[in-house]
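Student: Spelled out from the first residue to the last, the chains are:
There are 2 protein chains.
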Amino acid sequence: MLASMSTSPSLLSQPRTAAIIGVGLLGGSVGLSLRKQWPELTVIGTSRTAATRDAAVAAGCVTSATADEHAACEAADWVFLCTPVGRIAEKAIELAPCVAETGIITDVGSTKRQIVEQIERDLVARSKFVGSHPIAGGEKTGPQHAREDLFQAKQVIVTPTAQTDSRRLAAVCQLWQLLGANVQTLSPERHDERLAGISHATHFASCAIASILRDEEIPLIGSGWRDTTRVAAGDPQMWTDIALQNALPIAARLRAIQTQLDAFIRVMESGDQETLKNLLTEAQQLRQGVPTPSAVSVADSDC
Amino acid sequence: MLASMSTSPSLLSQPRTAAIIGVGLLGGSVGLSLRKQWPELTVIGTSRTAATRDAAVAAGCVTSATADEHAACEAADWVFLCTPVGRIAEKAIELAPCVAETGIITDVGSTKRQIVEQIERDLVARSKFVGSHPIAGGEKTGPQHAREDLFQAKQVIVTPTAQTDSRRLAAVCQLWQLLGANVQTLSPERHDERLAGISHATHFASCAIASILRDEEIPLIGSGWRDTTRVAAGDPQMWTDIALQNALPIAARLRAIQTQLDAFIRVMESGDQETLKNLLTEAQQLRQGVPTPSAVSVADSDC
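From first to last, the protein sequence lines stand for chains A and B.
Per my numbering, the first sequence starts with residue 14, numbered consecutively.
Per my numbering, the second sequence starts with residue 14, numbered consecutively.
Since the hints were made in silico from the structure, they are not lab data.
Heads up, none of these hints are tricks.
FRET-style restraints, in silico, Cβ to Cβ:
hint: 1; chain 1: B; residue 1: Thr294; chain 2: A; residue 2: Ala276; range: 27 to 37 Å
hint: 2; chain 1: A; residue 1: Gln165; chain 2: B; residue 2: Gln157; range: 24 to 34 Å
hint: 3; chain 1: A; residue 1: Gln165; chain 2: B; residue 2: Ala265; range: 35 to 45 Å
hint: 4; chain 1: B; residue 1: Ala84; chain 2: A; residue 2: Ser236; range: 27 to 37 Å
hint: 5; chain 1: B; residue 1: Gln157; chain 2: A; residue 2: Pro304; range: 18 to 28 Å
hint: 6; chain 1: B; residue 1: Gln250; chain 2: A; residue 2: Ser179; range: 51 to 61 Å
Only a predicted model underlies this, so the values are computations on that prediction, with no experimental measurement involved.
Backbone N, C-alpha and C fix where the C-beta goes; we use that ideal spot for every residue, glycine too.
Only chain A is shown next, with the shape it has when bound in the complex (with noise of 0.2 Å):
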């Protein structure tokens, strides 16, 4: 891949300035992994709050931080949004005009139909954005807990339309290759359906699970209620977001997870043995069919 890279000609070949728009876990992880890649790289990060700037500058994130976000986009030719789902479009039209005209935008939000679509009714932006998913993350906020394999041999989803200029998407997709991660192109309506599953339903049922704990039945907690709600840990504002941009897919899973639920309880309560091993048996049979990560080929892009 590597080799392929230097060969052709392509806009990540000389990236000089990258612009990171919102330098918490997940900005701050693409500014450590940017340049432990090109340890040349300038790499601004942009915050409103003096002390996440002063954190992702000790955290080596960034080269410089400021909170001027148009002098940052003006500088670079990559720009990476990593504010909250729910400002990500306006920020991308807003900046759009700032950066060079053969910049890149991308960005590395939980959901992409409603960013995708509002940023698309904007011509600069348009021309210049590409979606990124880095399936990535950590209960923890901010800079200080940024790490620079966070994308190493993770799941990218970007997500192209027709509208989407081909060589940044191609650039894109290397750059996160570049990063370690897995490609995948999927357009903005799929990977929300298919997140809906996967990440966003499984959040709100893990923060069901853990909101039925009674004071009492603290100190018997094994690890098996640990890892089952550990997600349940995330921010509430970041999922608050998630959930608004993709609700109606999200509220369809949890009721299949309710129905599941039924099946559980009237089997139970009728004491229905075998229909019980066999509801178990399927689920077994699902979580054992899930290749482990090490098992996921680089394959899956089909950038």
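Starting from the known structure of chain A, fit chain B onto it as the hints suggest.
Tutor: Relative to chain A, chain B alone:
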């Protein structure tokens, strides 16, 4: 704790021979931990399956293995019942007359109310039995996956009743502590009520999440889905047995999870950001309020 052990006369002071009825993952781990603590101890494992007996010996879980449970119990001053929960009570009643007058019978079952009730209807079994539930395990089964540190820093619930012999109760609590566990006592009813929420309903909810997986979503799976559904890979027969022994408390907690899911669905469909964020914040706080395993104190023990 060790110092007081050596000076107080205890049934535990000189264990000579342990019988492990059912040397699977848990039984095998009991054997490994006992042998680590008392290298001279004779540990006899039983299984109906020759391959399991061979694997238990090969893994060092036991000093010998046999299909003859009666003979194993006749030689033992400690008997650990590590069969599926549906067979623990009948095994206790069947084997109690073989166990020495001063012998101790305990178990590792994940449910307690039905098991203890049934055992206490039998005079001989009742006099020797103390119920235990180590909150430890794994998705993999068989003695080849046993671990000598499986109980280290884990919770073990011991479930005495008014009928339980107090010296045996003290000995069982001490034994689990020596194997590294934090020991708590609870009535069998309270145990089952609390485990229904923290473990059993959590398991079935995790299975419900795994059950709605669609093929096309598999390449998008991230660590969130993996962790949330980890326990769904558990043994269907074992969880069928557990569900049938604790059906009504589990069903009640699954309904509580459904009610939370209803709330999420309602606020997503209405776009009520504030309520959604409040629900997520509540789940986050409950999750974050749970101490990490290393922070759980041995002082939890109330034996």
